[in-house]
Every structure is written in structure tokens, then in C-alpha cells.
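Put the two chains together into one complex, using the hints given.
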Amino acid sequence: MDGAVIECTGLRKAYRGSPALRGLDLRVAHGEVFALLGPNGAGKTTAVEIMGGFLARDGGELSVLGRDPERPGPHWRRRVGVVPQQAGAFAELTVREAVAHVAGLYPRPAPVDGLLATVGLAEVAGRRIGRLSGGQRRRVDIALGVVGRPELLFLDEPTTGLDVVARREVWATVRTLTRESGTTVVLTSHSMAEVEELADRGAVIAEGRAIALGSIAELAAGRSSRCEIRFTGHRLLPPSGLPGDTEAELLADDRVRVRTTEPSGALRAVLDRAGELGIAEVPELRVSRPTLESGYLSLLAAPARTEEEARS
Amino acid sequence: MTSTSAPARGPVAALRPVLRAGRSRTGVELKGYVRNRQALLFTSALPLLLLVVFATLFTGDAAGTGVPLRHVLVCGIIASGMMATTFLSLVVGIASDREDGTLKRLAATPLTPAGYVLGKAGQAVVVGLAETVLLLAVGRFGYGVALPDTAYRWWTLAWVTALGLVSCALAGIAFSRLTSTVKAALPATQIPYLVLQLISGVFFVFTSLPGSLRLAASCFPLKWIAQGLRSALLPGSFRAAEAAGGWEHGRTALVLGAWCVGGFLLCLLAFRRRPPGLR
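Line order of the protein sequences matches chains V and D.
Counting from 1, position 28 in the first sequence corresponds to residue 28 in my numbering; the numbering is continuous, with no gaps.
Counting from 1, position 88 in the second sequence corresponds to residue 88 in my numbering; the numbering is continuous, with no gaps.
Keep in mind the hints are simulated off the structure, nothing from the lab.
If you're wondering where the values come from, they're calculated on a predicted model, not measured in any experiment.
For glycine and all other residues, C-beta sits at the position ideal for the given N, C-alpha and C.
Keep in mind that a hint or two might mislead.
The following label-pair restraints were derived from C-beta to C-beta distances [unchecked claim]:
(1) Thr176/V x Glu99/D: 29 to 35 Å
(2) Cys219/D x Ser63/V: 47 to 53 Å
(3) Gly250/D x Arg16/V: 49 to 55 Å
(4) Arg12/V x Thr181/D: 50 to 56 Å
(5) Asp113/V x Val18/D: 25 to 31 Å
(6) Glu207/V x Glu99/D: 37 to 43 Å
(7) Leu266/D x Val164/V: 48 to 54 Å
(8) Gly161/V x Gly211/D: 58 to 64 Å
(9) Gly134/V x Leu15/D: 24 to 30 Å
(10) Arg35/D x Glu61/V: 53 to 59 Å
(11) Arg16/V x Arg35/D: 36 to 42 Å
(12) Arg12/V x Leu15/D: 58 to 64 Å
One chain only, chain D, in its complex shape (with noise of 0.2 Å):
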């Protein structure tokens, strides 16, 4: 143990002991994730349900793309795994601290908020993580879905993911802070995820939903997830069915990367004074 009461060497200086304390409470959020079953039913293998389901259901290609259509649900789903890992989780997850009496457990401690919330997305960001892989793999070995077969196309899948689960814990952090109680967390998380779901051509081609549902799907992370994820998992004959008729990559960078910074701000906002389980 360093004694930390000297006066901090800038900012780099100060920000050692946040992520410090940021990475024992990713451990700690872990093992605790990791031994709730409920949580683990909740988020991780309810998405791993839905792509046996569909993949299973759904026979064919998608229209006039020689494609077959469970790949295309394959990428629609991993995507919705990393929204459920990590916004759904942690709106739900950080409510049940709030609850449960963890936070102010927490806020009679030196942790900072910014430590908390930093295990928090830690967490989420791990558990998406291994959600991803897991998904992509039972795509892979049960589907039929290949991998990318370029260092471009994995760059691809690198950078969407983890704008992706980024994105959407910043935004399940922020969003927390709107809701107090496990009771009110679920559903206030549950109705968006579905709806985006249905609007961002995760279970649907996304060019076969009308225009105004597709113009509100792309102000959200999800359809942009899948889009990505597409990109580097499809083969390039997809493209063309694509609502742009392209990949898009530029715009899918610039939407995610908007909403982390979005949500890193909102973040800062929410929990700037107090940690959160005071009033």
C-alpha cells in the first residue's frame, strides 16, 4: 500500500488510484455477476435462447441476396447480446445496488463515484465481451456463419464491438439514474430494448420496415451495431441489400462514438457530486 496523501502529479497522477479502484470493483462486480443466476438468465443466456430459436426457425435467404437469412439474424442478435450485457444489466444491476443497500454501502467507503461507475462498465464491458464470443461461436460452429476472413473485416468486428458495448453501458449508466427501484428498472429497460430490437432489423430485415421506424432505429445504437456487425460477418453480396446499398462504415464510427461521448458526459452529469445511493 502507497501512501496517496501526497499532493497528485497531474492528471495521469490522479486518475491512478480511480483506476485502481475501478478495476477491484470490475473484479468484485464479476464474481458477483457471475454467482447471480438471476442476472445471468436475465442477460446472457436470453440472447443465447433467441439465436437457437430463430437460426432454427428461419430457413432460406434473405430476399434476393443469396444469403442465407439465419446469418443475418445471427449478426442481428449479437448485437442485441451486447445491449442486453451491457445497458439492460447495468440499469437493472446498478437499481438492485441502490436497493439492496450496496451503494450506500459503497458511499461510506473512499471510492469515488467515478470508481464505482467505472467497475460498473468494466463489468458490463467483460461480460459483452464474452457474450460476443460466445454467440459468434454458436454462429459459427452451429450456423454455419464464417468469420471474417480479412485483418480489415476483423478490424471491423473489433471496432464495432467495442464502440458498441461502450456505447450502450455509458448509456445504460446515464440512464440509471431515472430509475430508483429494480420494480421500475425493468420494464423502463425492457420496453426500449424490445422496441429497438423490432425497429433496427435484428429479428427483420431492416430495408423490410417502413421508412419513419428506420429513421428513428438509426438514431440509436442497435441497428448500427447490427449494420456493423454485418459488415464483417456477411459476405460482400449483402452489401447491396444494405438501406444504403452500403456498409456505411463512416456513419456507424460516427453514431457510436457520439454516444459514448454522449454518455460519458451524461455519466459525469449524473454522478459529478455525490455517489448515487445518497439523496
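If we strip away everything but chain V, and leave its shape as in the complex, we get (with noise of 0.2 Å):
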């Protein structure tokens, strides 16, 4: 199908009788970088290891590369990379064993030092991966992933746990790699941030099932897609309003916040009031755009309001 990568409609599972996935319909295109939100629980672990072909799936469709996951063929193993959560794994061997230990298990790997070089790790390729740090095993782990040169790769919350500078460490070395490859990546997270800075596209999963579904800036916007000015100074406010769909709240020690779709123009409109007024800063000025964080939450709590909406 049109560069669809990953293609899966109602997929479900359940553990014992409780269901895990219900009805998860998702759609990764070729060479995106395509996140997966969603609160502890909701279905992301379940849905990565159906896709990367480790679970079998109660039901619904699904394609992964052209190929059912639970019947895969002799080769498709070689085109999907996955960088699991848990790591650990050849302590005892140095990095360069490691990696070269894997490339071997593909048939037309990347060059083992230039895959090294990338990731940060040519320095310590003789050192044995138990003895690195936390950031330096995670990039290990990353280096495995991708040696056999995979057309689609999963990274399960690959900078969690890990210290802010060895996080951008991390990022860094992923945008490396999905720019110079083209590589598909579905990312799981917890991190907006992570979120933010390496995914084009994503899902926000909630008990079992895609609520949302678009790119980051469509997420943000999660509910409402309102831009929020903030500044100190009710005077300010022009007495004809604002335009657009606004909303201005006054907070302690005269602060205003406004919530408004249309942000330059309530901007336009605070400022010439400023300008009538003389002034010439406005005080403590803060424009910003929906977060994704702001989004997800909206987003996950959207199902509860619209019940409440139904209900009332």
C-alpha cells in the first residue's frame, strides 16, 4: 500500500481475559519517524512486540513491511531493528565484539567502526559494554539495533532512566541515523520532550485504542488548539475584546492570561491598546503555543468529558 510501512486496523489482545489492545488502528508511512503515547498500561509495550513479530495477536489486520508479523517469511527478521527496553545484554564482551557479533548475523551489514563512529562510540569500542555508562550502553544498544541496517526499526523508550545530557547524547545520535538512512522508526515514550525533538508523526493510546492520531503539532493542539498570551496589566485588555475564539482570565497581582485562537490578532489588539495607553513594553509578555504535553493531557482526558457532556 502506499508507502505504508506499518498498516494495522482493530488489532486486539488480551492477557488472560483482560484486554490489553482493543481494536488499535494505526498507519506509520515509509520513512517517518512515528511516536507512540500513552500512559503506563495503555497498550504501547503490547502493540511494539506484536509488531516487531513476538506476540501473537488475538485478531485484527495487520502489515508490517508487506508481511504478517506471525507469518513473516525467511527474511523479514533481517529488515526490522529493535532496540528493546530492558538492556543488559553482553556485558562481558567490548563494544566492538558486540556489534560485530550482530553484524554477523546479517547478511549486508553497515561497517562495523563507521557504525561506531556514528553513535559516539569509536573511543570506547574496547571497552567491555558492562563497564560503560548509562548513556554509552543505551547508544550500544541503538548500535545494535540498526548494524543489520534495518528498513524499520522500533525504539522502546530509548532515553529513559538516563541523565539530561546523556539523553541529548542519545537524540543526537538518532537523528544521525534516521537522516542518513531514511530508516522507519517507531519511537514508544514517556518523554514530550523526546516526543518533540525526533518524531514527525504519532499516536496518543489510550486503554487499548489510538484517541488521537496525527502529527506532533496536531497532538499538541490535542482538544483545543488555543495559543495562550500572557502579560501583567488587566488595562491592557482593549475594552472592544479580542477576536477570534477568546478567552482572557484575570490571576493574581493583575496578570492576565488569554486563550485564543488567533493569537496575532489578540496580540495586534493588546498591543495597540498598549500603544494608546504609552506603553511602550508590555510587561512580563509571554506568547506560547499548546505544548505537547498540554495536548496529551487534554487529549487523555478528553473521553471522561464527553461522557460528562453526554451525561448532563
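Okay, here's the thing in C-alpha cells:
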């Protein structure tokens, strides 16, 4: 199908009767970094394990790289790379030994030393994996996942538990690799910053279903795509009101919060009013677009709200 | 790198990539094993220590044979070392692979379960062979155990060692399916290992044991490995002291061979569909 690397409809899976996936629909296009977001227990890991061919589904249609992962044929596994959550394999091997060993399991692997340089491990190539820092170890995991030059890569929480600097290093590694190879990536993450940094599109999964699907900006917009303008001084609010779907709120210490679908228009109105009042600089002015986090939270809260609305 | 996308011609061609992967896995497994001090101490140094302690402790001859008791013990402990380096180390090693994510990592590669099993078994057999040579050398130079003096006895030593190592390795791989954590694997292997050592004539002369225990021991490889080693390493005069009044080479080969075949079938069954890291 037109460039779809993963196509799944109505995916279902239950563990001993308790459902983990209740009809998941997803489509991941060729070459994109697709994020799976969702609270713990939402079914992300189950979905990834089924798509990666590690777990059988109970129902639904699934095609990954044009194959059903349960009947993948002989060469499918070579085309799929996985960076699992749990790390700790090969502790006694050196970085180069481990990467060269796994490379040897693939027909057309990436050159080992080149890859080690790309992921920033060239200097520790001779060190045992058990003696590396957390960030270095995670980059070994990534190197092991991509050394077979997969067309599709599953990255399961690549930076969970890493410090800020190590996280940025891993992100840089992932960006370099995806830019160079055009590999399609399915990224699971709890970090909104990570998803904003790496992903093109994504899905929010809750209770075994995709409740939102779209570009990261669309997900960030969440239920309401309103931007926020903050400043101090209620007299800066024009008496004629603000354009668009706008809501102004007076907070403590004369601070004002405006939520609007037309941030430019609303800002112009505030600035015009400031000009009328002879105020050159609007105190504490801040304009922000909705963050992925706020959009995500509004999406997760949405089903409950609609139920309430239905009841009232 | 040759492309393997062409259809395989016959079973030999189909096996080639599996064998290549198995060899590559064996190398990596050996590196990991040798560098893991815990594994080295636990499975390789222990039999050596037992050998030194027992051979030093026991002096005098095995009753009515004129053969020094410590020579009988050396044979038993070499057999026990074979079991430790194969059965014991594989059950614990596979549990540890499952626990630390190695199995999951490998399951995400094109490595087949057969390649994994071959690598594991290869590592165990190589380590078992090295352990056997080491214990044999200590027995020879430390305690005066004579090495085989005829080609026939060398041949006996060779096939008993080969069948012993392979049967215990396959049994270990099949058994590993029953334990999922290292914590569970340790007692689950130590108990049968200890009991078998006690009833198989490793530390005692076999004929001094009650008949029911001897019968139980006869169902497992360890008793036969020890007996086979005695037939290769002890003087012919000891033959009369064996339970059956002879070396029973035929029966030894039969029991060890049956364990090899049975272990192989169980391995196929256990690792039939999916790599063992997966649900």
C-alpha cells in the first residue's frame, strides 16, 4: 500500500481475559519517525511486541513491511531492527565485539567502525559493555538495533533513566541515523520533549485504542488548539474585546492569561491598546503555542469529559 | 558476505547458515564465559577444588582391588566436572541470558533458535573438554593416575568424554526450559547435581551403595561417564570391583547415546517455534 510500512486495523490482544488492545488502528508511512504515546498500561508495549513479531495477536489486520509478523517468511526479521527497553546483554563483550557479532548475523550489515563513530562510541570500542555509562550503553543498544541496516526500527523508550546530557547524546544519535538512512522509526516514549525532538507524527494510545493520530503539532493542539498570551496589567485588554475564539482570565497580581485561536490578532489588539496607553513594552509578555504535554493531557482527559457532557 | 536469498539446495545447504551462526555464537559465548569470573569459579574451579580436597583426604586402596582410592575418585570427579561445565553451566547460563535481555536482544536478530542452541552447546562442550584435560593433568601429575596405555583405552576415553559432554549439554538445554530465573535455576540444578554425585559413585565406590540408589543412578548419565572413565584410566584389575563385574561398554554407550538422542529431541521440542526469550 502506498508507502505504508505499518498498517494495522482493529488490533486486539488480551492477557488472560483482560484486554490490552481493543481495536488499535495505526498507519506508519515510509521514512517517518512515528511516536507512540500513552500512559503506562495503555497497550504501547503490547502493540510494539505484536508489530515486532514477538507476540501473537488475538484479532485484527496487521501488515508490517508488507508481511504479517506472525507469518513473516524467511527474510523479514533482517529488515526489522529492535532496540528493546531492557538493556544488559553482552556485558562481558567489548563494544566492538558485540556490534561485530550481531553484524555477522545479517547479510548486509553496516561497517562496524563507521557505525561506532556515528553513534559516538569509537573511543570506547575496546571497552567491555558492562563497564560503560548508562548513556553509552544505550547507544550500544541502538548500534545493535541498526547494524543490520533495518528498513524499520522499533525504539522502545530509548532515554528512560538517562541524565539530561546522555539523553541529548542519544537524541543526536537517533537523528543522525534516521537522517542518513531514511529508516522508518516507531518510537515509544514517556518523554514529551523526546517526542517533540525526534518524531514527525504520532498516536496517543489509551485503554488499548488510538485516541488521537496525527502530526506532533496536531497532537499538541489536543482538544483545543488555542495559544496562550500572558502579560501583567488588565488595563491592556482592549475594551472592544479580542478577536477569534478567545478567553481572557485575570490572575493574581494583575496578571492576565488570554487563550485564543488567533494569537496574532489578539496580540495586535493588546499591542494597539498598549500604544494608546503610551506603554512601550508590555510587562512580562509571553506568547506560547500549546505544548505536546498540554495537548496530550487534554486528549487523555477527553473521553471522560465527553461522557460528562453526554450525561448533563 | 554471500547472499543467502537463493533457495537452499538440500538439507546440507540449508544447514550451512545455521552452522555458521552456531560457530560465531560459540566464539562469543566462550569469550563471555571466560571473562565471567563467577561462572568460571562456579563451574570450572569447583571440580578442581573437590579433586584436590578428596584426593588429598583419601589415602589407601579401594577395598580388595589394589587400586588407590584417590584414583577412583579422580575418575568420578572428572565425570562430575563434565556435568558441571555442561549441564549446570548451561541451565544457569540460559536463565541468565533470559534475565539480562540477551535472549530478547538475539530474538530481534535473524539468529535462529537452532543457532543459539548450537552456540550454547558448543561453548559448553569446549569448556567441558578443557576442564576434562585440566583435571586429567592434575590427576596424572598430582596423584599418579596413569593415562591410557593402549589405543583402545584412548578410544574409550574419547567416546566416553564425547558422549558424556554432549548428553549432559543437551539435557541442560532442554532442562533450562523449566527455569526462568537464575535464582530458580541454581537450586533446580544444584540439587539433582548433588544427589547424582552422591549416588553415582563419584565420591564413594559405587558398589558400596544400596541397590535401589544404584538402580536410580543407572538411569542418568553421570554413573556411566564415571564408569567409562574408570575403564579407560584404572588398571584392568579394578574391573572385578564394578557393579556388574565388568566395564559394560555396550551399556554405557547405549545409555549415554539414549540421553543424547532424547536430549536432542527435547531441545527441538523446547525451541521448536520461537526463540526462548519470547512469550
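Comparing the hints with the structure gives:
no.: 1; hint: Thr176/V x Glu99/D: 29 to 35 Å; result: holds (32 Å)
no.: 2; hint: Cys219/D x Ser63/V: 47 to 53 Å; result: holds (51 Å)
no.: 3; hint: Gly250/D x Arg16/V: 49 to 55 Å; result: holds (51 Å)
no.: 4; hint: Arg12/V x Thr181/D: 50 to 56 Å; result: violated (31 Å)
no.: 5; hint: Asp113/V x Val18/D: 25 to 31 Å; result: holds (28 Å)
no.: 6; hint: Glu207/V x Glu99/D: 37 to 43 Å; result: violated (31 Å)
no.: 7; hint: Leu266/D x Val164/V: 48 to 54 Å; result: holds (50 Å)
no.: 8; hint: Gly161/V x Gly211/D: 58 to 64 Å; result: holds (59 Å)
no.: 9; hint: Gly134/V x Leu15/D: 24 to 30 Å; result: violated (41 Å)
no.: 10; hint: Arg35/D x Glu61/V: 53 to 59 Å; result: violated (47 Å)
no.: 11; hint: Arg16/V x Arg35/D: 36 to 42 Å; result: holds (40 Å)
no.: 12; hint: Arg12/V x Leu15/D: 58 to 64 Å; result: violated (39 Å)
Comparing the model with each numbered hint stated earlier shows that hints 4, 6, 9, 10, 12 do not hold.
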